[in-house]
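Trainee: Chains as they are written, first to last, in my numbering: chain P, 1 to 293; chain Z, 1 to 601.
By construction, these hints were calculated from the structure, which means they are not laboratory data. Just so you know, nobody snuck in bad clues.
Simulated DEER-style distance windows between Cβ atoms:
#, chain 1, residue 1, chain 2, residue 2, range
1, P, P252, Z, T225, 21 to 27 Å
2, P, D109, Z, N537, 55 to 61 Å
3, Z, D286, P, T217, 44 to 50 Å
4, Z, E99, P, E232, 32 to 38 Å
5, Z, L204, P, K238, 20 to 26 Å
Take a look, some chain Z residues computed to stay more than 10 Å from chain P by CB distance:
#, residue
6, R178
7, R196
8, G447
9, N493
Ideal Cβ positions, reconstructed from N, Cα and C, are used throughout, including at glycine.
Given next are the chains, with one letter for each unit.
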Amino acid sequence: MNVRQVQKFVLAYLEATGSQLIEKSPNHITVKLSPEADRALTGRPFYWSFIDNTGTVPETMTYSWMFGKSPPPQAGVPATPLTSLLTPSGRVSREEIYFGSRRLNQFFDAVRQTGRCVTLFEEPPRGVRDPLRSAPYTAWLGVNFKVGYECDMKREELYGWGISLATGIIDEKFFERLDQAKLSPRLPPNIHLLKNGISLRKAMSQLEHALERKLKTSDFAWAEEAEERRREERKRIKGYYGPQLERASDDPDQSAALQARMRQRLEEIDWQYRPRVGVSVVNCGIFHLPGLQ
Amino acid sequence: MNTLDPLPSGMYPAPETTGAAAIADVSAPPPAEAPARFIHPLVELRFDRSAFEDLERRVQRNGPWDDWTMFRLAREAEEAALVTDFHELQCLRALPAFEPMAHQVDTARRVLHEMRGRAILADEVGLGKTIEAGLILKEYWVRGLVKKALILVPASLVLQWVRELGQKFDLPAVPQKRLHSWQNDIVVASMDTAKREPNRQILLDNEYDMLIVDEAHKLKNKRTTNYQFVSQLRKKYCLLLTATPIQNDMGELYNLITLLKPGQLGEEGEFNSNFVKGRREAKNEDKLQENLGQLMIRNRRSDGGVQFTRRFVTNVPLVLSPEEMALYEGVTNYIKQHAYAENGDLASMLSLVTLQREVCSSRDAVFLTLVNLFKKTAEDSPLRARIWELVELIRQIQANTKAEKTMELIQGIGDKAIVFTEYRATQEYLLRFFREHGLQAVPYRGGMNRGKKDWMMDLFRRRAQVMIATEAGGEGINLQFCHHIVNFDLPWNPMRVEQRIGRVHRLGQTEDVKIFNLCTLGTIEEHIVHLLHEKINLFESVIGELDDIVERLEREESWERRMAKMVLESEGDEDLRRRMDSLGNTVLQARGRSREEAGRT
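All chains, full assembly: derive it from the sequences and hints.
Mentor: Spelled out as structure tokens, the structure:
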């Protein structure tokens with residue numbers, strides 16, 4: 001994410017949460033957070049439980065966020081990212097936001113929490129429709145999958161796939177298609193929803209199976225290499241403990257202790273190297289789109 | 001609105017589990033209802049559907065539904081944070097205003113890709129082992145491979161580590177303070193705290209994706225509780241940091257490596273027959289080096305790439321005023337006589353030598369010691385009168401020659417300067433003296449708490465021209481913005497002198513560093529300056545080179561004690577000079593040997 005993307009992301013979040021922009025320049029913004037944003041970003045659970053329990057009017061925080069890296073601080077100067085200044089309107093905390101900063105990661109966590117499950121309708125194009133005829137809409141299950149290939153290293157991929165609940169057709173570019181669409185949480189007038197042919201759960205299984213088939217065709221050299229490393233490490237450990245165990249064979253106490261240590265080392269090796277793939281759902285939703293698919 | 005019902009346990013364990021769950025995965029078969037799926041003969045596949053189950057629940061309850069913008073931002077966030085490649089360092093694009101050096105990045109890469117996260121980082125002092133460890137931790141952190149890390153360091157370095165990881169790497173490291181601190185994701189603790197109950201058991205019951213041990217050469221003996229504790233900890237990745245070249249002792253080397261990768265050098269018997277010639281001597285050197293190279297990285301200054309600015313040393317000779325000299329002579333005579341009278345009580349004799357050094361610093365320093373000595377001496381002792389005579393001599397002294405000279409020096413420098421002294425009383429005196437002469441100075445000493453130290457450093461940076469410090473070692477005093485050092489008096493131990501200079505002359509110093517040693521002629525100080533400067537050439541030698549040598553010498557007897565004995569036993573200036581030269585020669589020979597060794601590896 002470059003500076004501009006970070007800025008765009010932050011602004012989009014602030015707008016969606018109804019936070020109030022006080023100042024804006026190409027490189028910074030000053031913003032008074034909305035209660036929703038404040039809860040998600042400021043880490044003040046006690047304050048908010050106090051507000052919730054007493055019904056007091058909340059006083060949300062104001063931040064001045066600088067985008068992009070400032071020049072590196074002079075050697076020896078502790079880089080304090082947070083300073084606060086007093087202004088007539090109250091205390092303003094100044095921070096830098098850049099990719100990798102804790103603050104941006106907080107934004108990321110916040111949207112993961114609040115952008116998890118949706119139900120949406122595509123708005124029909126205006127003016128071209130016959131007001132007497134109702135347009136058919138199909139429900140789709142759209143899922144963003146994150147795939148992690150993991151051993152002692154890790155690599156990830158994202159898949160944004162959709163499946164029609166009417167026909168079971170799978171669209172591998174589902175969310176790219178949606179980028180062009182106008183979506184709204186409200187049911188548009190003059191449409192009718194087609195009956196779902198398959199259940200949500202079944203659709204999900206089909207998506208998962210399709211994804212699994214796709215992943216199966218990928219290159220597993222990384223896993224074979226990791227397995228090779230794992231075997232070697234195990235051999236090394238056994239070579240180390242083996243002779244010791246032999247020597248201790250007539251001392252049950254020492255033998256047990258050695259066994260336990262060896263087991264622990266072997267478990268650590270498995271933990272570190274065993275190749276595995278994990279698929280998690282980032283977020284998902286039901287999308288009602290015009291058409292008969 | 002987003003509170004989730006607890007997941008059905010065991011059904012779909014999240015792939016991004018903590019180490020604890022991950023290790024459980026391999027030891028216990030998953031529950032029967034969710035048989036492991038294999039996507040490849042070697043590779044297990046797991047689905048985490050929790051967000052989908054959330055969707056189903058919300059469908060049943062008809063909402064609530066999240067916002068489309070948030071939904072898209074969530075995908076965007078995932079895309080931005082996605083680790084698309086096994087190898088490319090992700091942490092580099094996520095680092096705030098800080099640029100690691102080439103050898104540090106290179107080290108991180110090798111540890112990640114060749115050593116698979118288990119390594120000994122053995123750079124020479126000052127090349128940034130902490131930075132390397134931070135890079136590696138950050139990389140695993142960004143990739144989600146480390147979610148829980150434990151960092152064990154000497155107590156004095158805990159806060160420095162926490163701040164370094166926070167400021168440079170934006171990692172949420174916390175210092176261990178109470179029991180619940182252990183729950184944090186990245187905890188920095190002292191080894192002594194960690195191995196004490198109940199902490200010990202908590203840590204052993206836990207599992208750490210990454211364990212970092214600083215000053216790991218202290219783990220060389222496998223019978224110590226430290227060693228056994230670290231050995232028992234469950235860890236995935238593990239970094240051991242040490243500046244002391246561990247090759248010096250074959251047994252210790254073997255132990256340290258066994259901690260990291262048991263069997264790397266073979267089983268103990270094999271190791272002994274393959275590699276050990278003597279306690280400090282290896283055979284099959286090439287093969288040993290090759291083996292070590294697979295899990296140890298030692299960057300050296302001589303490898304180049306790291307540029308230090310130069311050091312300029314000036315000795316500032318002074319002549320004490322007649323009154324000061326009278327006091328010095330008085331104290332010296334007292335020591336000589338007293339030392340003979342004492343007859344063998346070395347400890348109290350050694351403390352007498354301190355008196356002599358203090359006279360060279362300030363009358364304030366010596367006054368306090370004399371008063372204490374007076375109180376300790378029996379009332380009927382004839383020594384009392386002698387001590388009192390010395391106190392009377394102090395009264396005669398009206399001015400401090402050294403302080404005046406220092407004042408002159410600093411005015412000549414016209415820039416920030418740090419003045420080091422060994423004595424609190426001198427520090428107090430100088431503060432007063434400078435203030436009276438309109439020079440802003442701040443104190444710095446070991447007993448100050450962290451906050452006060454930071455405050456003093458900050459004042460020095462922003463306001464004061466001078467810092468007067470009694471302590472150079474320990475943590476966190478990095479003063480690269482200053483490049484003038486005045487040694488008001490010199491410690492006897494070269495390591496401590498080096499620590500002083502190291503506060504200023506370190507990575508990040510952009511100017512040449514100027515060092516001034518005040519040296520009162522005709523006193524013991526002259527001998528010390530001679531030994532450290534002219535003989536050992538300490539001030540201009542390669543940083544870190546002497547550490548090891550002095551440490552080895554100190555195994556037999558502490559440096560200070562050696563020196564004090566020389567002073568007491570010598571029969572005059574000539575003799576003292578000879579004795580000091582011979583100690584200097586010992587150091588020089590050891591340095592010659594170690595340079596030869598370095599040349600070979």
